[in-house]
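Asker: Here are the chains, one letter per residue:
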Amino acid sequence: MPAENHRPFQCPVVRGRFGVRGGLARAGALVAAGLVSLGLGGCATKAADPAAQADMDDANDPLEPTNRFFYRVSDSIDAYTLRPVAKGYVWLVPQPVRTGVHNVLGNLASPAVFFNDVFEGKPRRAGDTFVRFVVNSTVGVAGVFDVAKGWGYKAHEADGGMTLAQWGVPQGPYLFLPLLGPSSPRALTGFGMDIALVPLNYVPRGYGLITLNWGLYGMNIIDSRAQVLGDLDQIKRDSLDPYATLRSLYRQHRAAEIEAMRNDHRATVPDWYSR
Amino acid sequence: MRHLRFRRAAAILLAGTGLAALSPVLQPVLAPAGLAPVRAAAAQGADATSFVRSLGDRLVSVVNSDSSTAEKKTQIQPLIDQNVDVDGIGRFCLGRFWRTATPAQQQRYLALFHKVLVNSITGKLGEYRGVTFQVGQAHDQDGKTMVPTVINRPNQPSATVEWVVGDVAGGRRITDVVAEGVSLSLTQRSDYASFLQRHGNNVDTLLNALDRQVSRQAT
Chain A
1 MPAENHRPFQ CPVVRGRFGV RGGLARAGAL VAAGLVSLGL GGCATKAADP AAQADMDDAN
61 DPLEPTNRFF YRVSDSIDAY TLRPVAKGYV WLVPQPVRTG VHNVLGNLAS PAVFFNDVFE
121 GKPRRAGDTF VRFVVNSTVG VAGVFDVAKG WGYKAHEADG GMTLAQWGVP QGPYLFLPLL
181 GPSSPRALTG FGMDIALVPL NYVPRGYGLI TLNWGLYGMN IIDSRAQVLG DLDQIKRDSL
241 DPYATLRSLY RQHRAAEIEA MRNDHRATVP DWYSR
Chain B
1 MRHLRFRRAA AILLAGTGLA ALSPVLQPVL APAGLAPVRA AAAQGADATS FVRSLGDRLV
61 SVVNSDSSTA EKKTQIQPLI DQNVDVDGIG RFCLGRFWRT ATPAQQQRYL ALFHKVLVNS
121 ITGKLGEYRG VTFQVGQAHD QDGKTMVPTV INRPNQPSAT VEWVVGDVAG GRRITDVVAE
181 GVSLSLTQRS DYASFLQRHG NNVDTLLNAL DRQVSRQAT
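Protein sequences, first through last, are from chains A and B.
For what it's worth, the UniProt record's numbering labels the leading residue of the first sequence as 1, then goes sequentially.
For what it's worth, the UniProt record's numbering labels the leading residue of the second sequence as 1, then goes sequentially.
Treat the hints with care, since some could be wrong.
[To be verified] Straight line, CA to CA, 30 Å or less: simulated DSSO-like cross-link-like pairs of lysine-lysine:
(1) A:K154 <-> B:K73
(2) B:K115 <-> A:K236
(3) A:K154 <-> A:K87
(4) A:K154 <-> B:K115
(5) B:K144 <-> A:K87
(6) A:K87 <-> A:K236
[Said to hold, decoys possible] Which chain B residues face chain A? A few, computed with CB under 8 Å, are given here:
(7) R96
(8) D176
(9) E180
(10) V182
(11) S190
(12) A193
(13) R198
(14) A209
[To be verified] Pair ranges (Cβ atoms, derived):
(15) A:D264 <-> B:V168: 39 to 49 Å
(16) B:A70 <-> A:A260: 31 to 41 Å
(17) A:Y80 <-> B:V168: 30 to 40 Å
(18) B:K144 <-> A:V228: 27 to 37 Å
Simulated from the structure, these hints should not be mistaken for laboratory data.
Every residue, glycine too, gets a C-beta built ideally from N, C-alpha and C.
Full structure from sequences and hints, please.
Answerer: Take a look at the structure:
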């Protein structure tokens, strides 16, 4: 990707205004770093060499110091909590059951996928998701078996971030967020939109529902972590700078998903007509 | 601007009146001059497909054999060296530092890179038995020939992997691998670039790190 084609997020110059040295200022800086996300805190310094600057523009990671801080924190927390739990889950639960759990969670997420398909203006994708939801919820026994896949309705990715991309919202700088991991302002906004699209969030509150919801959150986290168990271990083993590798992987994968969505030009006319 | 808008409007109108349905009929009439290159490209594509299929068959037969991981590695190494443009990928991954590196550094780097690549491929496939793959139709993208495959590993979701095939020094070679939309060489390049940036742009530091990585994986 040529660097000159996209304008990277410009790091606001704050050094002059926040240059006061002292305990209070430093404490303030710490708080700022903690709240960051869209922060003015840790900006990467500008490179003198134009070639080095081109590399930095490609990475488009002006908040790198802060992002790296959150990456280290998440990584150490993960090593003692999520990773062992995910490993235990894989060890304890046989593959077919794990696949069933994964399918159920995916099925519960499909209303949000459906709405995003519609917002993206992709009727055939929305149709796929609709058929998947209906077929898998019934024939697939509450989503345990992905029957629709065998019938030619394969799963695809759709979320708020992709919808915003389709609407022309730029991705913005790279973010590594605590708990959520690799992200961007666009993906984060989309994540917020998706929460509003989960039907379960609109059912009147009750003790049972709260328990169910937290159970689902927990299962979702364990399932997602277990899905990438081997891959993440390999990234950390094989790369010299896992943070940068993860950043590149996330960006490329995201771009490919959006590209696949954009290139899905299947017509909505029935087969007998177009033939 | 107005001109553009007019063309878009015209296109919409044409599509609306059903004239677009004629385009498959019109195309051969309108573009006879373009036919020959299309046919040549198709032949090249078929060639690339069979190249990927034969390489894939040999790789999978090694991976599925009962040999130990170390034995698999020694069997895979020549396959990679003969069929993958390792030097070209290596040069790309070092990016702007390739030019500033001394010939001795370049040589050491490429030697290490060969091992890194084999390790990364055996690492991705080595532990599995019963790997199968299907080869799809080759297609051209940005002037490169891409051959899509679907790799099935037991108890794992199947992966879509595209092989970029190019002509290097008169021979057919794999010039990049794109797995689920992620390019192997781009990822590796950003890994090295970031490492170098954080280590004073010193190529020797990178070489030592690669050395440590290779010897760690050899055990």
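Asker: Look at each hint and say if it fits the structure.
Answerer: Evaluation of the provided hints:
Note on K154 of chain A and K73 of chain B: the hinted pairing is violated, with a Cα-Cα distance of about 35 Å set against a maximum of 30 Å. Restraint check for K115 of chain B and K236 of chain A: satisfied, since their Cα atoms lie roughly 18 Å apart, inside the 30 Å limit. At roughly 28 Å between alpha-carbon atoms, K154 of chain A and K87 of chain A fall within 30 Å of each other, so this suggested pair holds. Annotation: proposed proximity of K154 of chain A to K115 of chain B is violated, straight-line Cα distance about 38 Å (limit 30 Å).
Using a Cα cut-off of 30 Å, the hinted pair K144 of chain B and K87 of chain A is violated, with the two alpha carbons roughly 40 Å apart. Between the alpha carbons of K87 of chain A and K236 of chain A the distance comes to roughly 16 Å, so the proposed pair stays at or under 30 Å and holds. A cut of 8 Å between beta carbons decides the hint on R96 of chain B: the least distance to chain A is about 5 Å, and the hint holds. Contact between D176 of chain B and chain A, as hinted, is not supported at the beta carbon level, the nearest pair being about 12 Å apart and thus beyond 8 Å.
Taking 8 Å as the C-beta cut-off, the interface hint given for E180 of chain B holds, the closest approach to chain A being about 6 Å. Against a cut-off of 8 Å between C-beta atoms, the interface hint on V182 of chain B holds, since the closest Cβ of chain A lies about 5 Å away. For the restraint placing S190 of chain B at the interface with chain A, the shortest Cβ-Cβ distance is roughly 4 Å, inside the 8 Å limit, so the hint holds. The restraint placing A193 of chain B at the interface with chain A holds, with a minimum CB-CB distance near 5 Å, inside the 8 Å limit.
Here the hint on R198 of chain B is kept, as its CB sits about 7 Å from the closest CB of chain A, short of 8 Å. Given hint, A209 of chain B at the interface with chain A, holds; its Cβ is 5 Å from that chain's nearest Cβ, closer than 8 Å. The beta-carbon spacing between D264 of chain A and V168 of chain B, approximately 34 Å, falls outside the hinted interval of 39 to 49 Å. Separation of A70 of chain B from A260 of chain A is about 38 Å and conforms to the stated range, judged on CB atoms against 31 to 41 Å.
For the pair Y80 of chain A and V168 of chain B, the supplied restraint of 30 to 40 Å is violated, since their beta-carbon distance comes to about 47 Å. Our hint of 27 to 37 Å for K144 of chain B and V228 of chain A holds, since their Cβ atoms are close to 29 Å apart.
The structure does not agree with the numbered hints 1, 4, 5, 8, 15, 17 stated previously, though it agrees with the rest.
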